[in-house]
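There are 2 protein chains.
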Amino acid sequence: MNPIHLVIIGDELLAGKRQDKHLQRIASTLAKRGADLTTCESIRDFPGAVTETVKKNLAPNTLIITTGGLGPTLDDLTREGISAATGTGLRFDESLWANLKQRFERRGRKISDSSKSQALVPEKGSFFQNHFGTAPGLVFECEDFPNSLVVALPGPPRELNPMWDDQALPFLAQKYQWPAPPNRILLRFIMAPEAGIDEKMRPVLVNYPDVGLSSLIRIGRVDVTLSLPSDFPNSIGVLRGIADATEDKFPKHVFSRAESMDTEPDPVSDLEEVVMQLLRERGQTLSCAESCTGGLISKWLTDYPGSSDVFWGGLIAYDNSVKANLLHVSEKTLAEEGAVSECTAHEMVKGLLTDMSTDWGIGVTGVAGPGGGTQEKPVGLVYIAVGNQKRIETKRFEFPGNREFVRELSANAALWILWRRLIGEKESGT
Amino acid sequence: MNPIHLVIIGDELLAGKRQDKHLQRIASTLAKRGADLTTCESIRDFPGAVTETVKKNLAPNTLIITTGGLGPTLDDLTREGISAATGTGLRFDESLWANLKQRFERRGRKISDSSKSQALVPEKGSFFQNHFGTAPGLVFECEDFPNSLVVALPGPPRELNPMWDDQALPFLAQKYQWPAPPNRILLRFIMAPEAGIDEKMRPVLVNYPDVGLSSLIRIGRVDVTLSLPSDFPNSIGVLRGIADATEDKFPKHVFSRAESMDTEPDPVSDLEEVVMQLLRERGQTLSCAESCTGGLISKWLTDYPGSSDVFWGGLIAYDNSVKANLLHVSEKTLAEEGAVSECTAHEMVKGLLTDMSTDWGIGVTGVAGPGGGTQEKPVGLVYIAVGNQKRIETKRFEFPGNREFVRELSANAALWILWRRLIGEKESGT
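So the sequence lines, in the order shown, correspond to chains A and F.
Okay, so the first sequence: first residue is 4 according to this note's numbering, each after it adds one.
Okay, so the second sequence: first residue is 4 according to this note's numbering, each after it adds one.
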């Protein structure tokens with residue numbers, strides 16, 4: 004594999020003003036094509052810095068990708084910097100300039116002469132059209148290293164991302180003959196500890212040293228990707244065998260599986276989508292009553308377009324008066340058991356099913372902290388009720404961590420319980 | 004200013020598996036101390052890579068900070084790599100080892116011999132205690148560059164961040180005599196376009212070329228920081244003058260101002276906190292009825308501990324039946340004006356004030372997209388009503404952008420309108 008260096012140009016990252024958005028995107032898309040990033044360097048936007056960094060990394064059979072510094076202002080030094088480093092001159096491309104002028108005219112604006120730099124392209128090399136901005140992407144060949152390239156991409160993500168996906172990445176994969184992407188299976192886990200996943204998968208994987216395993220963790224969820232080169236004997240069969248064995252070990256935790264075995268990968272669904280799809284298939288509806296999660300579950304569900312089919316609404320019952328008046332949690336329960344109790348969670352769902360008239364209801368009540376905990380009801384204690392007119396089940400959790408953790412784990416656990424009910428009823432044929 | 008290089012060690016970033024969390028944090032905390040990061044490089048975790056990168060960056064009067072690769076496993080090569088690059092040997096520190104053993108014993112675990120690497124520290128240099136993990140931070144002096152240092156920090160943020168803030172940063176600021184942090188004023192804007200802020204501030208700033216200006220943008224909000232070296236004549240006065248002039252130009256948009264003029268900076272509040280504090284001061288309460296924002300406003304408010312004082316609850320009225328049954332929006336309004344209309348927003352707040360019995364109510368209804376738009380009611384059309392028993396005001400917006408944008412702008416606009424009402428009533432003495 005040839006060395007690949009990413010150079011991110013601009014002062015903002017090094018001054019701590021922005022979070023970088025390029026490294027993970029470029030690295031992960033390269034990884035899917037079987038190519039590995041060797042280094043990534045952020046450098047300042049001053050004369051000479053680009054030239055110096057490109058020169059330092061140039062070597063035989065090397066690819067250097069830069070982002071940023073291609074705009075029309077005097078600060079934008081990338082074009083000239085790479086030209087100096089590679090020894091490849093720049094030429095003015097009349098057709099690019101004509102295109103740019105047209106674009107401006109269509110919007111009723113006049114292009115200034117300072118924009119002429121946007122039509123400068125390498126004398127030896129090529130360029131990518133920018134459909135979302137003015138600066139084209141530039142491909143510089145190198146005087147001294149005939150098989151090396153420097154590819155300059157614009158900085159704004161909405162310009163860079165489509166140019167990278169649609170033009171640069173396919174061009175580079177062909178040029179450097181990167182291996183075909185490996186076969187992959189993604190398994191998505193809910194509420195399963197990473198250590199537990201690792202422990203149960205290890206005995207399976209020990210027989211397959213060629214299978215790659217990577218995991219991505221967020222609060223309450225783990226994505227595990229199994230991969231194997233597509234030219235490995237029975238590659239697809241081996242991966243499916245391991246995925247099946249893993250699903251068998253975690254029947255209550257693997258909510259989604261997506262294979263990427265050839266050109267058209269399976270669509271990847273998150274838990275919210277899986278749950279809403281299960282409801283949609285039955286023509287059923289859902290509502291939520293949230294106390295400690297304060298709207299998080301509703302927010303997650305409504306992040307998805309079309310959620311209004313199945314998600315009818317929610318109640319955020321932060322104050323006890325709302326639990327009593329709008330959810331009809333009885334004064335007796337609130338007084339005797341308290342707002343954070345099994346009975347309250349249960350009655351919250353009962354209230355929902357009546358007033359929202361949905362098929363399913365979720366009720367969450369707990370102590371998110373940092374304040375409000377007691378000896379008997381500590382921070383992290385959460386009751387979650389999920390059910391329909393036939394049966395409401397309530398579970399008690401003690402979650403570790405800070406307010407954000409407790410809230411996110413609670414929301415995850417609620418969707419998890421609902422998903423298990425829906426799956427269980429599907430399997431038992433009801 | 005001496006050159007400062009950050010080297011992030013580990014394969015995960017370059018494989019695209021994780022988003023980097025160190026660069027922005029270290030860069031921004033350095034910037035506040037008046038120190039600038041020169042470069043930041045992510046490198047892979049293989050033998051020789053650390054040595055090569057440190058060597059390449061070593062120069063007179065240079066600081067190199069590394070993160071990661073200090074753990075007890077064979078993959079952790081940072082310690083030896085830096086030792087080879089600097090020519091500074093490692094010694095086994097008996098007291099560190101004794102401490103480590105104690106920590107393990109207190110938890111009823113036995114420490115393994117492989118952990119002995121955790122007690123290796125530079126022969127010339129010093130180390131920082133790790134209060135949240137086993138690997139100490141290491142300060143290497145350099146054979147060839149007496150005024151240069153290589154500082155190795157652990158990779159996990161919960162270990163690195165406190166070690167950096169409490170030990171490494173103060174140590175380095177003193178060692179390199181970084182200038183005192185500049186005086187700063189932070190102005191936080193809501194629903195003001197960045198270009199408009201820039202345009203109105205430019206005429207003020209033109210007379211003060213020494214004043215630094217930086218802005219941080221998220222959807223609907225802009226943070227502007229003005230800075231001036233503390234030894235500039237009348238530094239505090241000049242900054243306050245500019246900040247006052249800016250606030251005068253944006254009386255309806257600057258919701259928070261925080262000065263950092265000496266050791267104890269003002270606490271920084273976000274809009275949710277400002278609004279809830281205004282309510283708290285008057286002993287008033289708030290509830291929300293959200294349609295297109297689907298719980299986002301409630302989620303934002305309840306992100307803050309103690310929000311239950313003022314935020315009593317919310318209703319997510321996604322389906323029309325919920326708008327009708329729970330918020331008492333009239334069938335006539337829904338039929339004649341539609342769910343996305345001024346009347347519906349108004350009646351949502353009326354319903355809230357009755358049923359939730361709060362002093363204030365917020366109602367949001369709109370078309371978040373991507374589906375659901377019509378010629379008459381396009382994606383991005385949002386009505387927001389805010390009010391109390393005396394007066395409910397309703398505003399119409401047409402927001403640009405995708406679903407996420409429309410939802411976030413709607414939530415911001417709703418809080419903005421409430422904030423302006425609260426401020427207005429405060430000023431008019433009611």
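To be clear, the hints were calculated from the coordinates, so they are not data collected in a lab.
Just to be clear, a hint being listed does not mean it is correct.
Which copy is meant is left open, because identical chains are indistinguishable; a pair holds if it fits in one copy or across any two.
Result set (PhoX-like, lysine-lysine): computed pairs, CA atoms no more than 25 Å apart in a straight line [claimed, not checked]:
# : residue 1 : residue 2
1 : Lys35     : Lys24
2 : Lys178    : Lys35
3 : Lys59     : Lys393
4 : Lys380    : Lys58
5 : Lys113    : Lys252
Within, between, both or neither: Lys178, Lys35 at alpha-carbon 25 Å:
within (17 Å within a copy, 45 Å between copies)
Can you tell me if Lys113 and Lys252 fall within 25 Å by alpha carbon in one copy, between copies, both or neither?
Neither: 65 Å inside a chain and 31 Å across chains, both beyond 25 Å.
Status of Lys24 relative to Lys35 across identical chains (alpha carbons, at most 25 Å):
For Lys35 and Lys24, both the intra-copy (18 Å) and inter-copy (23 Å) Cα distances are at most 25 Å.
Since the copies are identical, ignore which copy is meant and state whether Lys59 and Lys393 lie within 25 Å (CA to CA) inside a copy, between copies, both or neither.
The answer is neither: 70 Å in one copy and 69 Å across copies each exceed 25 Å.
How do Lys380 and Lys58 come out at 25 Å by Cα distance, when the copy is not named: within, between, both, or neither?
neither (62 Å within a copy, 55 Å between copies)
Violated hints, in rising order: 3, 4 and 5; the structure is consistent with all others.
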